[in-house]
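Please work from the sequences and hints to get the whole structure.
Counting in full-length UniProt numbering, the sequence shown runs from 1 upward without gaps.
These are calculated hints, taken from the structure and not from any lab test.
None of these values were measured; they are calculated from a predicted model.
Heads up, a few of these hints could be off.
[Claimed, not checked] Mimicking DSBU-like on lysine-lysine, the simulated pairs with C-alpha atoms at most 35 Å apart in a straight line are:
#, residue 1, residue 2
1, K348, K449
2, K217, K346
3, K350, K439
4, K348, K446
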Amino acid sequence: MANLSPSTKVSKKQGVVDLFDALPDDLIAHIISFLPFKEAVRSSCLGRRWRYRWLELRRIDLDESHFTQSEMRQLLELDGLQPFDYGLRLSGRRHFLDFVSRFVARYAEPQVESFRLAFSNPKEHADKVRAWVGAMVALKVENLELDLTDPDEEEPFEGNYGYLDLPEEVYGELAGRWLRTMTLTGCDVQPERLGALHALRVLSLSRIAIARDGVEKLTASCPLLEELYLDHLTDTEEITITSASRRLRVLDINECDPIPYGVRLIQVPALELFRYMGFTGNFVVDTVNTLEEAELYFIWDDSDDASELLRDLLEDLNMVTSLTVCSFLLQVVPFADNPWQLSSSKNKVKHLTLDGVTLLKDEIQGIGLLMRSYPQLTSLSIILSDTKLRPSGNGQPSDEEADVEGSWEEQSGVPIPCLVDHLQYVTIENFTGHQSQLKFMKFILKSAKALLAVHIYVDPTPTTGTLECCLEEARKMLGYEKASEVVMITIS
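Here's what the structure looks like:
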């Protein structure tokens with residue numbers, strides 16, 4: 001093919017631009033409405049009629065990292081060129097400040113659907129940031145997200161004492177009428193003032209310092225709140241949710257500072273999902289009859305009473321029908337009281353997920369205890385990991401070669417009611433063919449009389465062996481003894 005002359009290339013490019021520019025206004029607006037904010041801004045180069053159409057968007061996303069070229073800065077830092085990295089960031093921040101100021105001044109839409117601002121440590125530009133946020137609140141913003149943390153900061157609790165006070169408009173009348181969801185990261189929040197946000201349904205607080213009674217004040221001030229997400233909070237010595245939170249359906253607590261006075265759920269009338277990841281501690285779940293699902297992940301704990309605390313929590317959660325637990329819980333719970341079964345006879349769990357487990361000997365007693373305690377268990381899901389959290393708090397490779405098969409035979413010596421007439425579905429993810437996995441399945445297939453289906457999902461990128469080796473090991477299960485005559489085993 002002959003090379004195109006420069007004039008031909010220009011004419012072809014101009015033809016494409018003319019084609020875009022010839023589109024109807026309605027179609028241009030429709031196309032832009034589906035673009036991420038960053039790409040919508042870039043579309044201004046497609047033609048004269050596209051130039052300012054992005055200013056009509058009602059979903060606004062202003063992110064400093066788009067201007068500071070984070071990936072380029074990381075490469076400079078790795079090469080030991082920190083001065084250039086700093087200069088690139090400083091220049092990017094100046095461009096970002098200028099862009100946002102001009103955007104807010106020119107924006108003329110009557111209402112904003114969502115506004116996201118990610119601007120690291122903006123204290124020296126506090127007045128500008130408050131003005132930007134206040135302007136969006138004045139435009140009846142429905143979904144507000146502010147992230148004022150430094151993405152280069154590795155310490156998750158750094159800056160928790162607030163990079164910026166929220167502007168008064170956030171606590172004002174317009175926000176109270178229109179704001180539906182709010183996500184705040186690295187801000188200084190006054191929990192008791194959030195009561196003015198009558199329309200608020202979803203609240204997420206991350207990397208913020210909240211005093212001991214702050215969460216209780218917050219939820220009492222926002223009785224219509226439906227979802228609450230608390231992430232990496234500091235100074236929160238106690239998290240208490242009471243009957244004042246009459247519409248709260250979801251409570252998610254993620255890796256907050258140690259909570260010495262515990263998590264207390266007292267007569268929360270509408271709570272459906274409780275998810276907790278963090279340190280062990282005191283948990284009180286009292287008269288939360290609507291709770292359907294609980295997910296429990298623990299970081300580490302070297303205290304002597306961890307097993308008692310977690311066992312008490314499981315006893316209190318006897319109303320849930322779906323439960324997810326981590327390897328750490330399985331390892332420590334059997335050390336409290338009866339190692340074979342929970343004391344409560346009212347457990348309603350039908351769906352049990354074991355997440356991040358290895359099925360090695362130190363988990364077997366805990367797995368047997370839970371299965372034995374949940375006679376109505378219908379489905380069991382296992383998400384395998386090649387490392388796990390041990391009671392010492394260290395993640396170590398799972399290379400233990402204990403007598404796993406003998407341990408499962410020991411478990412079968414104490415009846416497990418769900419294996420007789422309830423357990424119907426078993427799913428294993430990240431299967432690698434380790435002997436502990438095969439011996440677990442040999443036990444399940446031999447014992448579960450009502451089993452209908454087993455789904456094995458082989459790890460596509462195993463750390464040892466090949467994918468074909470994993471598949472070959474999985475196929476061995478097809479020849480195992482089966483208590484159920486109708487069970488179907490699928491391997492993928």
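Hints versus structure:
1. K348 with K449: Satisfied, since the Cα-Cα distance of roughly 20 Å is no more than 35 Å.
2. K217 with K346: holds, 33 Å
3. K350 with K439: Roughly 23 Å separates the two Cα atoms, so the pair holds.
4. K348 with K446: holds, 25 Å
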